[in-house]
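Chains A and B supply the protein sequences, listed in that same order.
For the first sequence, counting from 1, position 206 maps to 199 in the numbering used here; every step adds exactly one.
For the second sequence, counting from 1, position 122 maps to 359 in the numbering used here; every step adds exactly one.
Heads up, a few of these hints could be off.
[Unchecked claim] In silico BS3-like pairs for lysine-lysine, Cα to Cα no more than 25 Å straight-line:
id: 1; chain 1: B; residue 1: K505; chain 2: A; residue 2: K127
id: 2; chain 1: A; residue 1: K127; chain 2: B; residue 2: K576
id: 3; chain 1: A; residue 1: K211; chain 2: A; residue 2: K4
id: 4; chain 1: B; residue 1: K505; chain 2: B; residue 2: K395
Because the hints were derived from the structure by calculation, they are not lab data.
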Amino acid sequence: MMANRSMLELKGISKAFGAIVVASDIDLTLSRGEALGVIGPNGAGKSTLFNLITGMLRPDRGRIILEGEDITQMPPEARCRAGLGRSFQIPLPFTHLTVFENLSVAALFGAQVSEAEAVQLCGEILSLTGLETKANVLAGSLPLLDRKRLELARALATRPRILLLDEIAGGLTDAECHLLVETIREIRKGGVAIIWIEHVVHALLAVVDGLIALDFGKIATQGAPADVMRSKEVQAIYMGVPA
Amino acid sequence: MMLDRPQHLPLVADPAPANTVWRATSETRLSRVARIAGLAALAGLILLPAIAPRTLLQDLFFVFTILTLAQLWNVLAGWGGLVSVGQQAFVGLGAYVLFAAIGLGSLDPVSSIAIAAVATAIIAALIGPLLFRLEGPYFAIGSWVAAESLRLVCAQFKSLGGGTGMSLQSSVYSSLPGLKSVQNLFGVRPAIARDIVLYWIALAIVVVVMLAIYRFVKSRHGLALAASRDNDRAAGSVGVRTDRIRFALWVAVAGMTGAIGALAYLQKARISPDAAFSVTDWTAYVLFVVIIGGVRTIEGPVVGVMILWGLIFYLSQYGSLYLLVLGVIAILVMLFMPKGIWGAASHRWNVQLFPTQRRLFRNAYH
């Protein structure tokens, strides 16, 4: 085996719905423990990228490689057990289950820990994500912000090696946002690699090592966060300045 | 606030959890009391034939079979989200397999019930993949169409009476287990002894099915099933094989439904395609019981079946008026108590005799 530091690789991933191209020849490499930010305007294909990585969508072309293994044909639940955890931009809680039960499903079937371990793991994560007092509340009765917290908590309960976060900072106060950043830094210390889609750019820049700007399903530019933010491509996308 | 100070999170390398900071349970003090009360009630029901008149045993036989079907439909549709209105397919199939096994294969009644369960499960496994291509209301309609098709198939077997049906000879019942002992013990005629043995078989099945369902919905697989029902995509994203768990549930429920069909028609001793595949007798009653009792609870169908029994008892002499009353009650309950009678009471007074929810607590000394 080659000594490869890359954890996740996308090679030439393309996807179109009829004439609408949602991903066009995307190459991406995520290194062990790296945190990658993804920005781009609405409809740029950010969530689609996550759907392709997690297997909710199958690419028309290209390959996805997780730690040397080709997972392009793997169904979503197998990818989760292989270490890919995700949150959904529009929260998708199990509404008739309690918050704790939401996490339990993820711990038992994603992380595949024993019942006894699952209880401790879920408890820890609930306290970390500020949901401890809501543990026994039905997820369907949670307000939006708590539902977003639940998305993060449930993804963590699968014990991912790669965590895909889809817009979890929107709507938080400054203090809450600061604590969220602290939490994500804490998660990184465990060796978890992260890809984070976020419109709240200052939160994103406080965490990530690299940044990708997507536009019309293409990678417009990528590199060090500061360079990407200064690049003429990003200026063009957000300010309408011709590139 | 988003959170307190971030703590160490055992996300990757977790040492064996020697420190049990948290504990989870679904038990309550009331549920322990309910368990003991349930055992006492069971003991009473087992001993009931010693004092009960024959008509009561026959009524309770009906109550047990409908209750079993209701519990099975409740786990299938309520917990699993597979809203089938074609479960009469498996009642009818089970019944026909029993008649074939006894009439053509000369097998004894109890083995025939077991064979009916297995055969029904196999047929469910074959038609399941077709039905699972349909979702929501389409699945419901598809299940009904499948049931009608199976009725037409069963009506083709001339050796089983074709469209008009057939009867079992009374000699069939002589091989029921324990029949002679019951005759001697209670000093009753063979026909009454038969009703007593069938009553016990129905009681055994309803108890085993209810315990199995209760254990299942509290288990990790029950949790995964509920998650798949609430959101299929999200369940997949946390590692649940949603198709597999639904398929397993569908087959298991169909098999047990087949066993009940076989038992019910063993007692009736006469079968016809229209009766065995009747959507009123085997699905409408069952849905009524679950919906007015309370979906997604173990207690709900028990409450529902008592109400159904009471209505049949007091109203059956009025003919079609009784079906009208049944319909009106179902509509009123659905409008004003969407969680059913038990569901509403349980919510109002926060009472659960058979709780299924897992609740998390932080241990006091931490």
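Evaluation of the provided hints:
no.	hint	verdict
1	B:K505 to A:K127	52 Å, violated
2	A:K127 to B:K576	23 Å, holds
3	A:K211 to A:K4	13 Å, holds
4	B:K505 to B:K395	20 Å, holds
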